[in-house]
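Student: Take a look at the letters that make up each chain.
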Amino acid sequence: MTLAFLNLTWPTFANGLALGGVYALMAVGIGLVFGVLRLVNFAYGQLIMAGAFALAYGSQWGFPNWASILFCFGVVLGLSVLMDWLVFRPLRTHSPAVMLVATFAVAFLLQSIALLAFGPLGKSAGELAILNAPWDIGGVFIKKIAVISFVTAVGCLVILQLLLTRTPLGLHMRAAAMDFRTARLLGVRANWVISGAVIVSGLFAAVSAVMLSVTELTVVPAFGTQDTILVLAGVVLGGLNRPIPATLGGFAIGFANGVLGGVLPSNQSQYLPSFLFAAVIIVLLVRPNGLFARGGGAVERV
Amino acid sequence: MTALAVEKLTVRYGAVEAVRDLSLEVKPGEIVGLIGPNGAGKSSTLHAIMGAAPVTGGDVRLDGRSLVGRRPEDVARRGIALVPEGRRIFGELTVEENLRLGLAGRRRGSNGGGLERAYELFPVLREFRSRQAGVLSGGQQQQLAIGRALAAHPGVLLLDEPSLGLAPKIVDVVFEALAQIRDSGLGVLLVEQRAQRTVALADRSHVLANGELRLTLGPDDAGDTDRLVAAYLA
Amino acid sequence: MSWIRRAPELLVPAALILGTALLGLEVSSYLQAYFLDTLVKVAIVVALYVFIGNSGVLSFGHVSFVAVGAWTAGVLTVPEGQKRITMPGLAHFLLTTNVGNVASLALAAVIGGIFAFAVGLPLMRLSGLAAGIATFGVLEITNNVLTYEQRIGPGLNAFSSVPSTTGIWQAAIGGVICVAVAYVYQRTRFSRMLRATREDPAAAAAAGISIYRQRLLAFTLSGALAGFAGGLYVHLQPLQAGGLSLDLTFITLAMLVVGGSGSLLGAVVGALALNGLFSFFSAATNTVDVFGWSLTVPSGTAELALGALMAVVLILRPSGLTGGRELSLPRRRAVVDLEKARVTT
Chain A
1 MTLAFLNLTW
11 PTFANGLALG
21 GVYALMAVGI
31 GLVFGVLRLV
41 NFAYGQLIMA
51 GAFALAYGSQ
61 WGFPNWASIL
71 FCFGVVLGLS
81 VLMDWLVFRP
91 LRTHSPAVML
101 VATFAVAFLL
111 QSIALLAFGP
121 LGKSAGELAI
131 LNAPWDIGGV
141 FIKKIAVISF
151 VTAVGCLVIL
161 QLLLTRTPLG
171 LHMRAAAMDF
181 RTARLLGVRA
191 NWVISGAVIV
201 SGLFAAVSAV
211 MLSVTELTVV
221 PAFGTQDTIL
231 VLAGVVLGGL
241 NRPIPATLGG
251 FAIGFANGVL
261 GGVLPSNQSQ
271 YLPSFLFAAV
281 IIVLLVRPNG
291 LFARGGGAVE
301 RV
Chain B
1 MTALAVEKLT
11 VRYGAVEAVR
21 DLSLEVKPGE
31 IVGLIGPNGA
41 GKSSTLHAIM
51 GAAPVTGGDV
61 RLDGRSLVGR
71 RPEDVARRGI
81 ALVPEGRRIF
91 GELTVEENLR
101 LGLAGRRRGS
111 NGGGLERAYE
121 LFPVLREFRS
131 RQAGVLSGGQ
141 QQQLAIGRAL
151 AAHPGVLLLD
161 EPSLGLAPKI
171 VDVVFEALAQ
181 IRDSGLGVLL
191 VEQRAQRTVA
201 LADRSHVLAN
211 GELRLTLGPD
221 DAGDTDRLVA
231 AYLA
Chain C
1 MSWIRRAPEL
11 LVPAALILGT
21 ALLGLEVSSY
31 LQAYFLDTLV
41 KVAIVVALYV
51 FIGNSGVLSF
61 GHVSFVAVGA
71 WTAGVLTVPE
81 GQKRITMPGL
91 AHFLLTTNVG
101 NVASLALAAV
111 IGGIFAFAVG
121 LPLMRLSGLA
131 AGIATFGVLE
141 ITNNVLTYEQ
151 RIGPGLNAFS
161 SVPSTTGIWQ
171 AAIGGVICVA
181 VAYVYQRTRF
191 SRMLRATRED
201 PAAAAAAGIS
211 IYRQRLLAFT
221 LSGALAGFAG
231 GLYVHLQPLQ
241 AGGLSLDLTF
251 ITLAMLVVGG
261 SGSLLGAVVG
271 ALALNGLFSF
281 FSAATNTVDV
291 FGWSLTVPSG
301 TAELALGALM
311 AVVLILRPSG
321 LTGGRELSLP
331 RRRAVVDLEK
341 ARVTT
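Protein chains in written order, with this note's numbering: chain A, 1 to 302; chain B, 1 to 234; chain C, 1 to 345.
Read the hints as simulated data drawn from the structure, not as lab findings. Here the structure is a predicted model, which means the values were calculated and not measured. Possibly wrong hints are sitting among the right ones.
[Stated by the list, open to error] Rough simulated footprint, nothing fancy, chain A against chain C, three-plus residues with beta-carbon under 8 Å:
1) 117 to 130
2) 134 to 140
3) 249 to 257
4) 300 to 310
[As the list claims (entries may be wrong)] Footprint (simulated), chain C over chain A, 3 or more residues, beta carbon under 8 Å:
5) 185 to 191
6) 206 to 216
7) 224 to 233
8) 267 to 281
The beta carbon of each residue, even a glycine, is placed where N, CA and C say it ideally should be.
Take these sequences, add in the hints, and give me the full structure.
Tutor: Below is the structure:
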């Protein structure tokens, strides 16, 4: 491992930060919906996949970049809201196990639809790939997208934090995540809170789709699945019920994935997913509720 | 202001009838007590008014308009505020944030209420306004819960066993506040286990046992323990 | 007495399996492949049920036991000469050892069970989401290792030259064995203790039931059954590491949930019905005759139908097609139902 650290260059470090940033956004997206609906959305990766396909089609149809991005946002938000109406809300009263498997089903369903519609080979990611080109920062070449991703992620998180702490809706969302029943008795509108969480979650998915599709050359139906699984692991690692640790957990896994991917020689980097998951499992064994969880919290019956 | 009328209310959970044919009324400027043994249906009555319990018969009306079938948040926005059993404050939010949450229940177009009312009634809240609500003592949390309900500027205040777990001195503070709230024109429906204090404070008290209204007492009956016991055991 | 009354719990699923097998013998060899695939899937889903159905804990990792069983049976039955050509990186011991068909299945079960035990030792302390993620991790790690490690198997390539010993009868008998093992376990007090922890963990623990030990037992047993199913599978078609991962996990989990995760009958019904549907649509990509009508669907329809069906069933009837109930002969005496009363103030 010492060798690995000697291999750590600025570009790799930057890539780690960037991937960490994107994973942090995804972690928040998943965490927000979990907070108000108590539902882990396995199909989050499919939202990102849909957004990436929208970008690809946009560029294929000759849209200017900003229009493609707008199209991507539209598709992802629309799909999020649809998922909420058709799947999340009818399932709200069921056990966590049922909801988990149901979102698993939706994920699979969407992936099959994508396979049917787009074929397994996928489409080229489009013109935003020019952002893969590096900036020359004091003699070190850092990919433009790395900087943009990190800055965008931080920006989004800051805006979200402001929303949550300075606005009434944000306060209502936080309260609903702690005790939905009492919040409603105080007059907090359940539907608005849920819709708010779904929309912000969708927005973050769209941003993640844009960032990820720059570094991936092709968009396939499985786009975003592996990332979602890693983010989910990171979120559970940090502590699903605690928003800040969950975000940090997502960031940590993204950072580790990005850095180790660039630093390990290829015969070791094949096993990178194994290392990451082994680390996750070990942490979960010691702290099942996450690294930063406090003792309390309802026991889930799954 | 507003009058709350409960008419022949029946609340049923599955096969169990928690409340049967209950009728009572709360007018502005009065405290109505609801006492009785455990399992009598007192909490269920409050939850039914708020739309959080299954009403299978009868009606609940606020100013003549029926509340049955409405969502809890809609009932709250019509001017009824509930102080839940066990207080149920949000420990991780600050005192001020807890009070702001109460603002969610404000009626459309209402500019009254707000946090000042709560701070006036319970000065300790102003002192702790930026601290996390979880550090407050039981009595202080109860004051916060009431303050939060008042922030919505309601016409009717429902309280579910506010004296539960509190030291007698604190109960004095709380009951004194309730008297002030009544005097300011609100209607108060007070569910309690401490029968004597409630009967002494309220303008009238209903005794509920096994889901049914057994007896109605006035403040003068506060000393008549025989009657109380008989009503509980009937 | 209850043995007789409860016998249908075993006999009905077994009969369904044998019925499917007999049907499979009557159809063309082209369609028979789907029947074989279905029968092996039944074995996998029953293995899943033994753990998930009894413990109420979701495991996403069982397909890794299927994979390990498949690897074991496959590597030990490919003729040595073939092994030197197609899997030159194999460890010496594996290269030179060869066993017969039945032995390979037995070893697959044993290795699957040992692996499950090793995984379960640390993991069975977890519940809920943590257990889900951890078992997911096991799936990913196993898949990762089997894909790249040339010393224990074909790595990226598909298994080739494994003797195709899983015909209708091997598949059917294998399925019945799994059902029988599940039934016997279900009748033991161990499974009853485990089911108690599913209903009310706190009460069960208070009654002295070791949640950890019972879960570990069920996990190991289901791991052995999964390994066994993997052995059946590798003798049926050339398996690849990629095919023994998330997709198979989803499909088998879907079958269990749709059939009804609470009962053995549910596991079998779910597997037969869903894989039947899946096979039908897969076959229809090459045109199929339905009562004289010709039907062709684009490829990928099968997965779509499966996903849609699973989502619909979960939303409308979460306890599955069988509602989590077994079929048993009705009792003679009526049982008084105690109604649950809620405590209110």
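Student: If a hint holds in the structure, say so; if it doesn't, say that too.
Tutor: Results of checking the hints against the structure:
Judged by the Cβ-Cβ criterion of 8 Å, the region 117 to 130 of chain C is covered by chain A as claimed, because 8 of its residues qualify and three suffice. With 5 residues having a beta carbon nearer than 8 Å to a beta carbon of chain A, the region 134 to 140 of chain C meets the requirement of three or more and the stated coverage holds. Three residues within the 8 Å Cβ limit are the bar, and the region 249 to 257 of chain C against chain A gives 4, so the coverage statement holds. Note: the region 300 to 310 of chain C has 8 residues with beta-carbon separation from chain A under 8 Å; the three-residue rule is met and the coverage holds.
For the region 185 to 191 of chain A, the assignment as covered by chain C is violated, since 0 residues bring a beta-carbon within under 8 Å of that chain's beta-carbons and 3 are needed. Coverage of the region 206 to 216 of chain A by chain C is violated [criterion: at least 3 residues with CB-CB distance below 8 Å; count 0]. Here the region 224 to 233 of chain A counts 4 residues with a CB under 8 Å from a CB of chain C, which clears the bar of 3, and the coverage holds. Interface restraint, the region 267 to 281 of chain A with chain C: holds (8 residues with C-beta to C-beta distance below 8 Å; minimum three).
Hint check: violations occur at hints 5, 6; the rest are consistent with the structure.
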